[in-house]
Every structure is written in C-alpha cells, then in structure tokens.
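Number of protein chains: 2
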Amino acid sequence: MTPMRRPLIAAATLTLALVSATSSYAADVDKAIEYRQDALGVIGWQIGPLGDMAQGKIDYDAEEFARRAENLAAAAPLPWEGFIESSLRGDGHGIDTAALADIADDWADFESRQQALIEETATLAELAQGDDVTAMRRQVAAVADTCKGCHDNYKAE
Amino acid sequence: MTPMRRPLIAAATLTLALVSATSSYAADVDKAIEYRQDALGVIGWQIGPLGDMAQGKIDYDAEEFARRAENLAAAAPLPWEGFIESSLRGDGHGIDTAALADIADDWADFESRQQALIEETATLAELAQGDDVTAMRRQVAAVADTCKGCHDNYKAE
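Residue numbers (this note's numbering), protein chains in the order written: chain G, 15 to 171; chain A, 15 to 171.
A hint or two may mislead.
Same chains, same label: a pair holds when it works inside one copy or across any pair of copies.
[Said to hold, decoys possible] Mimicking DMTMM-like on lysine to aspartate or glutamate, the simulated pairs with C-alpha atoms at most 20 Å apart in a straight line are:
(1) 45 with 133
(2) 45 with 120
(3) 45 with 78
(4) 169 with 78
(5) 71 with 42
(6) 162 with 146
(7) 162 with 78
(8) 45 with 140
Rather than coming from a laboratory, the hints here were simulated on the basis of the structure.
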C-alpha cells in the first residue's frame, strides 16, 4: 500500500487533500490543453509553407519542402496526449477550448484520424526525399484533408 | 528584376505598399514568436517526465522514457527558425517576449547552443533504446544543462 492510499484519519486533512488534488488536476488539464495547442501550432506552422508550395503561392524549394515535411511527420504524433479527460468543451473543465466533447464520445474515430495524419505525413516526408513534385502536391492535399476532417468534426468554430 | 523591386511611380501607391509591408511584417514577427513559444512548449512538456524519471520523482518506465526521448529529439531542431529579426526584447518588435536581443548580438553562440541541444537530445534518444538507466539519467541532466545555459544567457527573468 502506498502512502497515497492510506485512509486519512482527520477530516480536515482529507478536505485539504481533496482541495489540493482538485487544483492540481485543474492545473494538469490547463497544461494539457496548452501543450496540445502548442503541438498543433507547430503542425500549423510547418504545414503552411508546404501548402503554399503545393498551391504555387511560393516557389517550390526542394530542401525546404523536405525539411518541413520531415518536421511535420515528427510533430504529427505529438498533440494527442494532450486530449485528456475533462479538457474538452462541455466537459466541465472550465477553461476555453475549441476541442469539442464529441472527441470523448467518439474516441475511436478521433484516434483513427490521428493515425491517418501520422501516416499521411510520413508518406509526405518519404515523397519529399524524391523528385515527383506532382505526387508531393497531391500528398500535401491529402494531409490537409486529414486536418480539415478533424477540425470539421471536433473543433468549435 | 522582380515586380517587387520595380520603382513605384505614384507616392500614394508607395505609401500603401509600405504600410502593407509593415503590417504584414509585424504579423510575421508575432507568428514567429508564437511559433517558437509553441515549439519550446512542446520541448518543455516532453522533457518534464524525463526529468522526473531521471530524478526518481516518478518510476522509470522504459517505454515512456524512449517515446519522450524520441519526441524531444524530434522537437529540438524546431524552435529556432522562430527567432527572426525584430522579434527580440529591445529589438523594436513591440510585443512582449522573454527572448533577449543578446541572441542577435551573439548569434553564433546561440546557434552553437541550438546544435548542442539537438546533439544531446539525439544522444538521449539513442541511449533510451538501450538499458543503461544510469547513462540515461546522466544524459537527461546534460540535456537540461543545455536548456538552462541558454535560458540563463538569453531569456529574461
């Protein structure tokens, strides 16, 4: 039995422990939300120029394209651990977030969308090592579609 | 000669172009600052449990340690492109940031510190594939030292 699991004798001690546990949990939720927003921000930053190159808004630069595609694939698995219990809109977390409680209601779908992003970005990073620019462009669109699909379903306006 | 470099004839057009260029540049600076803070936030999140495991505050979990070490190594090269011109404290960017203008004054040192973090985290990710927990712990300390060194020199209190 760990010290944390010993029955607490004094009611005052119990109350204090509960208050302390609650505020620490709230802090964890806030940190998790901030973390996932950070990680999604990194993804947004990295995909920006890839989208611009794919759409011809800026010139294609093979080196930059490959570097950003690699960064994007590295960042794709990161945000999801931040979607913890009580950190969703309408889920009683008490702070502002665009992430809807539908995520918790359909976690299997949310996870399959995470996996799709991880796979599509890995494919993009692989293509970026070659020279088939048409395929790269198409793959940027595939990645953007996975972003959009998740936002459409799980992100508040 | 690109269109952007053609002399502008009408003064009104010139003024408009300057205003437009300035506000878009300010937006770029704000976005770059936000991006680097996002990327550094990801690094902080990933290193947290590694530090806790290294210091025995939480139990060592080989799988989690290896996953976070890999995430950390993947994130280590990311923040630095956000340290753009006019985005430092005392550098006329006009928004709040803890990044000191000393970064621009000693860019070579700042770059060598970035490189140190990239290398130390790569070493940690490699060690995390093995089973020498003492070496892993020591390497977490080495990584934390590179963070601290940069913060001590280039981050406002």
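A quick look at each hint next to the structure:
In this assembly of identical chains, residue 45 and residue 133 lie within 20 Å of each other by CA distance neither inside one copy nor across copies; the values are 27 Å within and 27 Å between. Neither within a single protomer nor between protomers do residue 45 and residue 120 lie at most 20 Å apart by alpha-carbon distance, with minima of 23 Å and 33 Å respectively. With identical chains, the CA atoms of residue 45 and residue 78 are at most 20 Å apart between copies only, with a shortest distance of 19 Å across copies and 32 Å within one. Taking the shortest alpha-carbon separations for residue 169 and residue 78, neither the intra-copy value of 30 Å nor the inter-copy value of 28 Å comes in at or below 20 Å.
Taking the shortest Cα distances, residue 71 and residue 42 sit within 20 Å of each other only across copies (17 Å), while inside one copy they are farther apart (41 Å). Taking the shortest alpha-carbon separations for residue 162 and residue 146, neither the intra-copy value of 25 Å nor the inter-copy value of 43 Å comes in at or below 20 Å. In this assembly of identical chains, residue 162 and residue 78 lie within 20 Å of each other by CA distance neither inside one copy nor across copies; the values are 23 Å within and 30 Å between. For the homomeric pair residue 45 and residue 140, neither the shortest alpha-carbon distance inside one copy (33 Å) nor that between copies (28 Å) is at most 20 Å.
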